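Let the hints inform the model, and build the full structure from the sequences given.
Residue numbers (the numbering used here), protein chains in the order written: chain A, 1 to 339; chain B, 1 to 339.
A portion of the hints provided could be inaccurate.
Remember, identical chains collapse to one label, so a pair may be satisfied in a single copy or spanning two.
Cross-link-like lysine to aspartate or glutamate pairs, in silico, EDC-like; alpha carbons within 16 Å at most [said to hold, decoys possible]:
(1) Lys265 - Asp234
(2) Lys265 - Glu231
(3) Lys42 - Glu16
(4) Lys87 - Asp260
By construction, these hints were calculated from the structure, which means they are not laboratory data. For clarity, every value in this text was computed on a predicted model and none was experimentally measured.
Okay, here's what each chain looks like letter by letter:
Protein chains: 2
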Amino acid sequence: MSEFVNRKWVVASRPEVEVELSNFELQEEPVADLEPGQLLLKSRYVGVNPPMRMALVSGGIAGRPIPIGRTMYGGGLAEVAASEHPKFAVGDLVQGELGWQEYAISDGARRHAVNKVEAPAGLSETTLMHVMGGSGATAYFGMIEYCKPRPGDTLVVSTAAGTVGALVCQLGRLQGCRVVGIAGSEDKCNYVTSELGAEACINYKSEDVAERLRETCPDGINIYFDNVGGETLDAVLGQIAFGARVVLCGGTSQYNNDLDWYGPKNYFNLVYQQAEMYGYFIGNFSHRYHESRARIGALLREGRMTYREDVLEGIESLPTQLIRILRGENFGIPMVRIS
Amino acid sequence: MSEFVNRKWVVASRPEVEVELSNFELQEEPVADLEPGQLLLKSRYVGVNPPMRMALVSGGIAGRPIPIGRTMYGGGLAEVAASEHPKFAVGDLVQGELGWQEYAISDGARRHAVNKVEAPAGLSETTLMHVMGGSGATAYFGMIEYCKPRPGDTLVVSTAAGTVGALVCQLGRLQGCRVVGIAGSEDKCNYVTSELGAEACINYKSEDVAERLRETCPDGINIYFDNVGGETLDAVLGQIAFGARVVLCGGTSQYNNDLDWYGPKNYFNLVYQQAEMYGYFIGNFSHRYHESRARIGALLREGRMTYREDVLEGIESLPTQLIRILRGENFGIPMVRIS
Numbered sequence: 001m002s003e004f005v006n007r008k009w010v011v012a013s014r015p016e017v018e019v020e021l022s023n024f025e026l027q028e029e030p031v032a033d034l035e036p037g038q039l040l041l042k043s044r045y046v047g048v049n050p051p052m053r054m055a056l057v058s059g060g061i062a063g064r065p066i067p068i069g070r071t072m073y074g075g076g077l078a079e080v081a082a083s084e085h086p087k088f089a090v091g092d093l094v095q096g097e098l099g100w101q102e103y104a105i106s107d108g109a110r111r112h113a114v115n116k117v118e119a120p121a122g123l124s125e126t127t128l129m130h131v132m133g134g135s136g137a138t139a140y141f142g143m144i145e146y147c148k149p150r151p152g153d154t155l156v157v158s159t160a161a162g163t164v165g166a167l168v169c170q171l172g173r174l175q176g177c178r179v180v181g182i183a184g185s186e187d188k189c190n191y192v193t194s195e196l197g198a199e200a201c202i203n204y205k206s207e208d209v210a211e212r213l214r215e216t217c218p219d220g221i222n223i224y225f226d227n228v229g230g231e232t233l234d235a236v237l238g239q240i241a242f243g244a245r246v247v248l249c250g251g252t253s254q255y256n257n258d259l260d261w262y263g264p265k266n267y268f269n270l271v272y273q274q275a276e277m278y279g280y281f282i283g284n285f286s287h288r289y290h291e292s293r294a295r296i297g298a299l300l301r302e303g304r305m306t307y308r309e310d311v312l313e314g315i316e317s318l319p320t321q322l323i324r325i326l327r328g329e330n331f332g333i334p335m336v337r338i339s
Numbered sequence: 001m002s003e004f005v006n007r008k009w010v011v012a013s014r015p016e017v018e019v020e021l022s023n024f025e026l027q028e029e030p031v032a033d034l035e036p037g038q039l040l041l042k043s044r045y046v047g048v049n050p051p052m053r054m055a056l057v058s059g060g061i062a063g064r065p066i067p068i069g070r071t072m073y074g075g076g077l078a079e080v081a082a083s084e085h086p087k088f089a090v091g092d093l094v095q096g097e098l099g100w101q102e103y104a105i106s107d108g109a110r111r112h113a114v115n116k117v118e119a120p121a122g123l124s125e126t127t128l129m130h131v132m133g134g135s136g137a138t139a140y141f142g143m144i145e146y147c148k149p150r151p152g153d154t155l156v157v158s159t160a161a162g163t164v165g166a167l168v169c170q171l172g173r174l175q176g177c178r179v180v181g182i183a184g185s186e187d188k189c190n191y192v193t194s195e196l197g198a199e200a201c202i203n204y205k206s207e208d209v210a211e212r213l214r215e216t217c218p219d220g221i222n223i224y225f226d227n228v229g230g231e232t233l234d235a236v237l238g239q240i241a242f243g244a245r246v247v248l249c250g251g252t253s254q255y256n257n258d259l260d261w262y263g264p265k266n267y268f269n270l271v272y273q274q275a276e277m278y279g280y281f282i283g284n285f286s287h288r289y290h291e292s293r294a295r296i297g298a299l300l301r302e303g304r305m306t307y308r309e310d311v312l313e314g315i316e317s318l319p320t321q322l323i324r325i326l327r328g329e330n331f332g333i334p335m336v337r338i339s
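The following block contains the structure:
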């Protein structure tokens, strides 16, 4: 056995409704010696995201849930702690699927989702996990390929203070849209209007979303970037403008509902308004990530875009961070610093 | 007063749920003398359609219902019975908004929806009211602009034996699609498979639509042309294929529900399948009706397309015909011959 000891979170039970700490168990194990061609990854940061609840319960898009007793999955950044692989040296930074653990053994193959990376010039290495990674691409391609923003359009964004939502607000503003955010606290709403350039932000926990949409979008909604689904989506569909684009990116409000999602009663307004609704999944654009990285990286370095992180410390915090984001209690891009 | 006596159906009351005969009252009145620039239209055929129920209750797209005591509206074909208008002669055939009545006075302006027309060469004049008119255009532009059919696609069509549905089935077949219809009786299903070229037809009144869709569309549904909404739309959304196109054209199953439509719970499958859902309204294509008329006219004359009418006789039949189509009891394109 190697000198290393791994701590990892395994799935202990399935959530009945809300994810709870008891759904996970922290285990300790010695790390096996490396075989030729393998490398040992030491986790620096691991991310969490709302669809993880579906992975725990029904499987979501993957079709089957993570088996009980298996290490919870999660992507992140790691450094190479030991290497028997010719292309990786100790200290290299890699990004990929690490799991909720301190150490992972990899064969270094890209198909196993381990890529050697470098911190982007002038930016924190953690940006690779969000604005310079998949979330940045999600916001960027969702905007240019589906939202099709025009100057003067009214753009509504849910989870406007969230990882993707905050980028969409800023991209919309940069393209001349009037941006109205929807978020879950006064603090988040203040951030959306003061830092992200939105003209207004609706607090869905304390305000009547449909009524506030009527007030803030008197000429109707031209674009809706949806991260939540449910009654918010329905309220927006009731107020779309002629020719609107509705981009379905997430359904956070429904991830606890498993097989009984809220169906939007106002969907037929798509007909009245000759509007379009797109199911959007970033996978189709993976060959173009260099494009979103280049654009967003430049905007960040020029100070024309911003982001905010919500970092908890230590592997012990992973279940807590997941529970926080499912309750909307995080404020900023959620992650956990492992080492 | 002129020599003519008009009979007309006025709105007597609003439907509570289903439209009933008592919601209309047949009234008789003398026809006023024409003033210069006016013409008197004698109705030949008047059409009925499912959205008329919304016009009676909530107003639907028009936003407000037809006032009580007002003549029920309805488009159709008429001949000029008298004319004080320089561009119209007695005997001319016109098409437009006539109302549910035997005689209408018009100023002949196109903006009042009165157009001089001619029966298409080799085809019945009534085709102007459907396959050579708005319904033909609806099917044609819906197919080419939104469904984007590819050979080998599986196309599902609801109200497959209906005016638009029957055309969509045939256009899909002509473009190399595998067509699966959904209709409301054995007779209609037989018609859809034997006359319209569908490979299968699901009787939604006697069969489990979701189960039969799994059987008849084992590789998923590439295109859905929706005329009904409700649980049928939901069942289809549960089985769309990757990259599917869902075209919302009508919502017949929900027109009785006013403000409480059934929302499709499976809408998020649009994300999983990277699919698109379009609200489609034919008005955008009115400048291109000549295109659909030319194509469909040629296909009809060549015997490569067919249609079926369901004609009731006499102005007395108008409410009955509307009630029949709302119940799905018609079989063929519904209209009433007035004279």
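Checked hints:
1. Lys265 - Asp234: both (6 Å within a copy, 12 Å between copies)
2. Lys265 - Glu231: Both ways: Lys265 and Glu231 sit 9 Å apart in one copy and 12 Å across, limit 16 Å.
3. Lys42 - Glu16: The answer is neither: 33 Å in one copy and 68 Å across copies each exceed 16 Å.
4. Lys87 - Asp260: neither (48 Å within a copy, 61 Å between copies)
In terms of the numbered hints stated before, the structure departs from hints 3 and 4, listed from lowest to highest.
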